[in-house]
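Undergrad: Residue numbers (numbering that gives the first Met the number 0), protein chains in the order written: chain F, 0 to 263; chain R, 0 to 323; chain U, 0 to 410.
No wet-lab data here; the hints were simulated from the structure. Note that the structure is a prediction, hence the values are computed from the model and not measured. Be a bit skeptical, because a hint or two may be false.
What the hints assert, rightly or not - Listed below are several chain U residues computed to face chain R (Cβ distance under 7 Å; list not exhaustive): (1) T69; (2) L75; (3) S76; (4) H97; (5) D232; (6) M376; (7) E379; (8) R409.
Claimed, not checked - Calculated lysine-lysine pairs in the DSSO-like style (CA-CA distance at most 27 Å, straight line): (9) R:K11 to F:K92; (10) R:K8 to F:K166; (11) U:K346 to U:K165; (12) R:K105 to R:K231; (13) F:K166 to R:K10; (14) U:K276 to U:K346; (15) F:K166 to R:K14; (16) U:K268 to U:K346; (17) U:K320 to U:K346; (18) U:K46 to U:K303; (19) F:K179 to R:K231; (20) F:K179 to F:K92; (21) R:K231 to F:K166; (22) F:K47 to U:K320; (23) F:K179 to R:K105; (24) F:K172 to F:K92; (25) R:K40 to F:K172; (26) R:K40 to R:K66; (27) R:K10 to F:K92; (28) F:K250 to R:K105; (29) F:K92 to R:K231; (30) F:K92 to R:K8; (31) R:K14 to F:K92; (32) R:K40 to F:K92; (33) U:K276 to U:K213; (34) U:K165 to U:K213.
Said to hold, decoys possible - Which chain U residues stay away from chain R? Per the calculated CB distances, all over 12 Å, these: (35) E50; (36) E312; (37) I319; (38) E385.
Each residue gets a CB set at the ideal place from its N, CA and C atoms; glycine is no exception.
Spelled out, the chains give:
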Amino acid sequence: MYAVLIAGALVMMLPFVWMVTSSIKAPHEITLRTIQWLPAVPQWENYKVAWEAAPFDIYFKNSFIIALTVMGLDVVFSALAAYAFAKLNFFGKNFLFLLFLGTMMIPGEVMLIPNYITMVNFGWIDTYASLIVPWTVSVFSIFLLRQFFLSIPNELFEAAILDGCGKFAYLIKVMLPLSKPALVTVMLFKFIGSWNSFLWVLIMTNTPAMRTIPVGLTYFVSDVGAYYNYLMAASTFAMAPILILFLLLQKQFIQGIARTGLKG
Amino acid sequence: MLRIPAQMKTKKYWKETLEAYLYLLPAFTILGLFSFYPVVKSVYMSFFDWSLLRDTQYFVGWENYEKIIGDPVFRRAIMNTARYVIGYVPISIALGLIVAVLLNSKIRFRGPLRVAFFLPWVTSSVAISMVWRWIYNQHYGLLNMMLAGLANAVNTVVEFVSFGHLSEVWQFSNPNWLMEPQWTIINLVIIAVWQSLGYNMVIFLAGLQNIPHELYEAAEVDGASPWQSFWKITLPLISPTTFFISIISIIGAFKLFTEVYVLYTGRPGPVNSGMTIVYYVYRNAFERYRMGYASAAAYILFAIIFVFTLVQMRASKRRIHYGS
Amino acid sequence: MRLKKLFLLSLVLCLALSATALAQTQITFWHAMSGELGNAIDYLTEKFNAENPDIVVESIYQGRYGDLNTKLVASLSAGTTPTIAQVYENWTDAFFRHGVIAPLSHYMDLTEAEFNDYIEVFRGMNTWDGELYTIPYNKSNWVMFYNADLIPNPPETVEEFLQIAKEITEQTNGETRGFGIRPTLELFHAFLYVNGGDFLDADLNVTFNSPEGKEALELMIGMLEDGSALLIDGYENESFGDEMIAMYIGSSAGMPHVENSVGDKFQFKTAPIPRGKRPGAPFMGTNIALFNAATEEQRHAAGKFVKFLTNTENTVYFAIKTGYLPVTYSGLNSAEYQQFLADNPHKAAVANLDAFGYGYWQPTIAAWEEARSAIGMAVERVFLGEPIDLVLEEAQMMVEEAIEDMLSQRY
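So here's chain F without its partners, still in its complex pose (with noise of 0.2 Å):
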């Protein structure tokens, strides 16, 4: 069993292994018949020249900003509306879900240009309004923390409740704690989706000085050819944040929560 897992583990790092090793090589060594995996000699400048080639310090500092905001805003509005869909009951319940439900199935490019000519309206462009706001809730992260919340039994809600405990208190004081390792894989998500947020952050920015990395990374791909190396480098760097912020979270999940039954 550990065999497949390392090999599949293997697999999965393969194009990552290259991704790094090209991000050191000459441009030249990159596209070879005979696949080289290590450079001749290691060109760390890459990573100096990746770095200057666009104002990354300005991209970095953005997708930070964006990221974390709409990580900590998210999990919060999410997990209040999560809440009513799992343990409320009231009308209009199950239409509003698949209303929400609904918004996800149509593809974010349809929405894209209604939505700039609201930001436009708003005077949001070039602002980190147009690209915070709009994401602070998600459907996604209201779906898997309404499942999440859902297989608490609700007993125990209910013993809450005759007991005099709030709504809000017992979503405070119970159902989140109980709900870490799907809270710590909403922000996970979330923060990666900002992170990597693409077109929106360009049709709704003007300006380099509110742009973010995946803008960046253009810089080094055209019509005509790529600079691999430079492009290797750079990913390689927009990548380092998410690891980390994942290997932190990650930790929720290996202590897991050791429930014996619920006792009040």
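Keeping the supplied structure of chain F fixed, place chains R and U upon it in accordance with the hints.
TA: Just chains R and U, lined up with the frame of chain F:
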């Protein structure tokens, strides 16, 4: 006469409704502005000859929809999208679950292995598509190198075993993966499975945390095999998560576009073999400036996905176990 | 009283200051130039801004061409267009037909001499309604890149070309093939044109479904079949640099990438595309267009800026820094550019003066976007083994439909 359910007559119900709406307020506002409104606007546009380059638009009723359904390119797009969904969804869910279960148990290197499987989800498409283009390259790509090596090895062994009678049994000539239309959807499925395995794994891992260890321990004591534990405990208790992943995966798969655009540098694969419904939408909206027409195509897609999702939800009603 | 006077004085001062601030015209220029290309544009923009304190030009990278197009389309729908932008000819046609662009040359105060200084081929690609609507900016030439170590004398005619390709393949036992083929519309156009044909005629009739078209395709297929050519997916410069092919036809704008791929493995040079029944040099690249939403001041400022960008000194600067061509005869013939060519002989075909005499370009109609896909697909199908006659028939139908659509559109 509309039959009003009993519960709706209670004050408690309406009080709870108000409470729920308060919880939903932030979500509703944001989604309202940036999802519902554009949807309504684009549905409206779909009934017009709506050009992005003009101010006046012309009402055409169902004409866009009729033209689209009659367009062989669109029908091709539906076929391609369907093949992709069928190829991608089951495999990625199954693999994601298996890996999650394996990496949830107390094995060594659990941490690093999880990172390894999650890595593909983490990079942006620009770089990854370059890497895959290299892998699939006919002359110097990794895949053909490996296959050539494999063919060589097989031939050598067979030749040896047959005392030289059977040589060159496997005649390998570098397939041109990216230029032969029959491989397009398969290429895309492979890349998508590679990328999303970690993603599904993480979600399943989250779901697995909810299953109390005692259940497994009790099963072990009772003499159940790992396979039986999996079937009788894991699968049912993880069904809310599975349901979630299958809905999300199917919806996502139907919306396939960026991956094609990026792997095939702005073309829908060789001879339209990678033309998907959303590619059709994009092309008509941004390359032909026909926003109304493109919107109509998007809503045909919406109808398809919606029906699929409803069917899924009905089918799984009985099989999802919520709570203990 | 004193306070009131003070107040009035400061009010007047404020107004005066804001008036001077208002006197500064701000214009935006959207482009798709990254890396070295972007640096060149930034340098020129800064230079212009320094020399013209009453104008502020903001040149902004908006992604690759596809992304730039998406942005332009979005901006048109919201009324937030830039003052000027890089555009392809078929975008221009669509914009022109919908009346969203203004003739840039009107605002440039061009004398007759200056007007004629723009290279004729480029003027041809930028003319709408009899006027120079857009101004050529980054134009490239398609040339033959060849391995000078393997091929001391580049082929001048198609026969020589076929011959050399075969020889190279034999010489190197198939290790290096003579020619690399990426089955694109552009390559088809190259062989079609020198064979005496073209895609459309002046009345927008389809002319590629003809003996000339068929022969061009058969020639390429023939090369694949006898092994003198290799089918390439991806950028040809890579296979070229890796010595898998000894020749390929591609854009001069890819020069930096070719240099990267080749490194110092061998000497490479450029030559004009071999001539068949006639010579032909394909020109491509983008131009600059002015959007209607710009105010009078902005239009004049933009005109001034573009005139600056295309003056001799700057067009030469841009050409040397990138792989693009100077857009004026003065630039082409300038001592500096000639020196540059002399120092870099491998770039010679890039600005072969003769080439401008037989230059051609792809149709500049709005329907070309759609027609391109149809023809591109036809080329792919031919290379996948489908019968040429059938494929060309179907492509013709699709192109005609696209043109029909365009002509019957509502404006």
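Undergrad: Against each hint, give a clear statement of whether it holds in the structure.
TA: Okay, the hints, checked on the actual structure:
no.: 1; hint: T69; result: holds, 5 Å
no.: 2; hint: L75; result: holds, 6 Å
no.: 3; hint: S76; result: holds, 5 Å
no.: 4; hint: H97; result: holds, 4 Å
no.: 5; hint: D232; result: holds, 5 Å
no.: 6; hint: M376; result: holds, 5 Å
no.: 7; hint: E379; result: holds, 5 Å
no.: 8; hint: R409; result: holds, 6 Å
no.: 9; hint: R:K11 to F:K92; result: holds, 15 Å
no.: 10; hint: R:K8 to F:K166; result: holds, 22 Å
no.: 11; hint: U:K346 to U:K165; result: holds, 25 Å
no.: 12; hint: R:K105 to R:K231; result: holds, 20 Å
no.: 13; hint: F:K166 to R:K10; result: holds, 17 Å
no.: 14; hint: U:K276 to U:K346; result: holds, 25 Å
no.: 15; hint: F:K166 to R:K14; result: holds, 13 Å
no.: 16; hint: U:K268 to U:K346; result: holds, 6 Å
no.: 17; hint: U:K320 to U:K346; result: holds, 13 Å
no.: 18; hint: U:K46 to U:K303; result: holds, 13 Å
no.: 19; hint: F:K179 to R:K231; result: holds, 25 Å
no.: 20; hint: F:K179 to F:K92; result: holds, 25 Å
no.: 21; hint: R:K231 to F:K166; result: violated, 34 Å
no.: 22; hint: F:K47 to U:K320; result: holds, 21 Å
no.: 23; hint: F:K179 to R:K105; result: holds, 20 Å
no.: 24; hint: F:K172 to F:K92; result: holds, 24 Å
no.: 25; hint: R:K40 to F:K172; result: violated, 41 Å
no.: 26; hint: R:K40 to R:K66; result: holds, 21 Å
no.: 27; hint: R:K10 to F:K92; result: holds, 17 Å
no.: 28; hint: F:K250 to R:K105; result: holds, 14 Å
no.: 29; hint: F:K92 to R:K231; result: violated, 32 Å
no.: 30; hint: F:K92 to R:K8; result: holds, 16 Å
no.: 31; hint: R:K14 to F:K92; result: holds, 14 Å
no.: 32; hint: R:K40 to F:K92; result: holds, 25 Å
no.: 33; hint: U:K276 to U:K213; result: holds, 15 Å
no.: 34; hint: U:K165 to U:K213; result: holds, 22 Å
no.: 35; hint: E50; result: holds, 35 Å
no.: 36; hint: E312; result: holds, 35 Å
no.: 37; hint: I319; result: holds, 28 Å
no.: 38; hint: E385; result: violated, 9 Å
Of the hints listed earlier, those the structure fails to meet are numbers 21, 25, 29 and 38, in rising order.
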